[in-house]
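Undergrad: In the order they appear, the protein sequences are chains X and D. Residues in the first sequence are numbered from 1 upward in steps of one, following the working numbering. Residues in the second sequence are numbered from 1 upward in steps of one, following the working numbering.
Each hint should be verified, as a subset may be incorrect.
Straight-line C-alpha distance at most 27 Å; calculated DSSO-like pairs for lysine-lysine [what the hints assert, rightly or not]:
| no. | chain 1 | residue 1 | chain 2 | residue 2 |
| --- | --- | --- | --- | --- |
| 1 | X | LYS243 | X | LYS261 |
| 2 | X | LYS261 | X | LYS244 |
| 3 | D | LYS20 | X | LYS377 |
| 4 | X | LYS188 | X | LYS243 |
| 5 | X | LYS23 | D | LYS20 |
| 6 | X | LYS138 | X | LYS377 |
| 7 | X | LYS162 | X | LYS192 |
| 8 | X | LYS21 | D | LYS107 |
| 9 | X | LYS115 | X | LYS167 |
It should be emphasised that the hints constitute simulated quantities derived from the structure, not laboratory data.
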Amino acid sequence: MQKGALNVNKIRKDFPILSRKIKDRPLVYFDNAATTQKPLSVIDAIRDYYMNYNSNIHRAVHQMAEEATQAYETTRQKVANLINSPSTDEIIFTRNATEAINLVSHTWGHDNIRKNGRILITELEHHSNIVPWQILCKKNRASLDYIDVDKGGYLDMDQCEKALHNKNTKLISISEVSNVLGTIVPIKKIVKMAHDQNIPVLVDAAQSVPHMPVDVQALDCDFMVFSAHKMLGPTGVGVLYVKKDILEKLEPFISGGDMIKEVHKYDTIYNDLPYKFEAGTPNIADVIGFSAAIDYLSHLGMDRIRDHEFELTRYAMDAMKDIKGITLYGPLDAKNKGGVISFNLGDIHPHDLATILNDHGIAIRSGHHCAQVLMEKFDLSATSRASFYIYNTVEEVDIFINALNDARRLFRI
Amino acid sequence: MSEDIYREIILDHYRNPRNKGSLPNADISIHDSNPLCGDEIDIHLKVEEDTIKDIKFEGRGCAISQASASMLTEQVINKPLNTIKDIAKEDILENIGLMNLGPARIKCALLSLKVLKLGMVKYYADRDPGSAKKIQDDSKLY
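Using the sequences and the hints, build the whole thing.
TA: Laid out in C-alpha cells, this is it:
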C-alpha cells in the first residue's frame, strides 16, 4: 500500500475512458455514485479470461476450468480480505447489491418476518432497500417503519433507539452512506443498539465499501451488500456478506445447478456455503474482472481514497456555497459525508442543469436518485448530484464551478 | 448547445406558464409522469359539444416538459377534442423549436402530449367504449 496523497495524474492514465471528449471538451466524470469507470487492468482481466481460459467453473476437471475456478474463487478471497470477513464461506456473489437485498428478504425475511413483525429502515434509503421490504411486509402482513432524516441530512437517533425497543422490530436495514446526501451513518453505534435488543442489522454498503475502509467484524453487522461496478469493477457482480451462524440456517434463494450436492427424483442435498446460494453459471468473467478492481483499490489504500474524496468534497462545497441561488442538501461538513454533493441552482430543473453541464463535458446525475422517499421528505422532485472518485481532480471541480455559473447566467439567476 | 435549447420562449413558458392551475368541474383529469427525471403533468379538460372549452395543466419538472405543456394548452384550447389524435410528436418539437432533442430529453418534451392523448381516449372510453378503441388506434401515441 502506498502512502501520502493519491497520485491522481498517474491514476488517470490507467483509465482509458478519461481521455475521451464530450462536446469537444475533456470528459469530467462526476457520476461516480451511479457507477465508476474501469481501469485497464479490469478490462484486461475480463479479456484475458475470454481469450485464454474461458470455461465453466466448479465442475470440469480440465486445466482451463481449474484456472477459471481458481480465478473466480480468488476474487472471493479478495472480497473477504477487503471487508475483513472471517472466511470466504460468508461471501456470496450476486448480480448486484439489489439482488443481494432480495436474497435476504426472500430467505431470511420470509422465515423471520412474521405477521405483526416490523422492519426498520430510514428515509435515506435507495429504492433497493425499500421495495423488497415493502413486498415482504405485504406478503407476511408485517409493517415497515422509517427513521426520520432531519433537514441537515442526519438520522433521528432518538427515534431509532425507540423503534429498536419496539418488541416487534425484527430487522433494521440501513445504508452506511446515503447515495443522495452523502450522510455517513453511525452504523457501529446502530448495530450496538440493535444487538442490545437482539435485532439483526443489514448494512447497504454500496456507497461505503468503494470509498472508505469497512470492516464487517468491527461493525459486527449481520448482513452487508454492495456492488462491484461502483468500485472500478464490472457491472453484473454484487456481494452479499452474511454472518455464518445466520447463513447456515437459510434456505436457498435461486435454485438449480451448482448449488447442489446431490439431486434425486424428489429430494436434493444442497451444496456447502457459499455455493448453496449461487445457482446456475455465475458471471464468471466479471467476477474475475472484479478481482483486478479490488487489487487496484487495495494498492491505493482505502484510507487514502477516503482522504482524497474528502479533500475534493470540501473544496467543491466551499466553492459552491458562493454561487448565487445554490441550495446544498445534506451535511455541510465534508467530514460527515462521502464524496456526494446534492444541490439545486435557482429554479433550474436538475435535468436542464445536467443538459447544460453536458455541453461543458461534465457528467452529473439529475433526478430522484432512486430515493423518492427522501425527495418527498425534502419536498423535491429532483436534485442534481456530483459524486467523486479516485481519478477526479481539483481542476475538474473548477471546470464544474465555471459551468454552474454559466448555467446561472443562461437562466438569468 | 444549451444556448439553443434554453431560448427566450422556453424560459418564458417555464417561468410564466399559460393555462396552469386546477379546473373545478373538469370533464377529464389525467396524470402521468416521466420516471427518468420525475417530470409530472396533470391535464384537466372541460369539453362541450366535443370542443375543448377550457384546459389547465398542473405539474413540475424541467423547463422543456413544463414549457411544452404550456404551449400545448394554447394550441388546443377551443379546438375539437378529436383533433388531438392528429397531433404528432414532430408538431410538438416544432412548436417548442427543438427538433434535435436526444432520446432522453425528447420524453420531457412529449410528456404533455402523451397525457393529453390519454385524456382524450379516456373521455371517449367513458362515453362510447366502442369508438374509444378506434380513436386509440388512430391516435399517434408514440
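Undergrad: Given the proposed pairing of LYS23 of chain X with LYS20 of chain D, does the C-alpha separation stay at or below 27 Å?
TA: Distance of about 36 Å is beyond 27 Å: violated.
Undergrad: Is LYS20 of chain D close enough to LYS377 of chain X, meaning Cα to Cα at most 27 Å?
TA: 25 Å, holds
Undergrad: Below or equal to 27 Å on CA atoms is what counts here, so check LYS162 of chain X against LYS192 of chain X.
TA: OK: LYS162 of chain X and LYS192 of chain X at ~14 Å, within 27 Å.
Undergrad: Measure nothing beyond the straight line between the CA atoms of LYS21 of chain X and LYS107 of chain D; if it is 27 Å or shorter, mark the hint as holding.
TA: 26 Å, holds
Undergrad: Need the status of pair LYS115 of chain X, LYS167 of chain X: alpha-carbon distance at most 27 Å?
TA: Status holds; Cα separation ~13 Å.
Undergrad: Does the structure keep LYS188 of chain X and LYS243 of chain X at a Cα separation of 27 Å or less?
TA: 16 Å, holds
Undergrad: Just to be careful, I want the Cα atoms of LYS261 of chain X and LYS244 of chain X compared with a cutoff of 27 Å; is the pair within it?
TA: 19 Å, holds
Undergrad: Taking 27 Å as the top limit, are the C-alpha atoms of LYS243 of chain X and LYS261 of chain X close enough?
TA: Holds, at roughly 22 Å.
Undergrad: Is the straight-line distance between the alpha-carbon of LYS138 of chain X and that of LYS377 of chain X 27 Å or less?
TA: Distance of about 23 Å is within 27 Å: holds.
Of the numbered hints stated above, the single one contradicted by the structure is hint 5.
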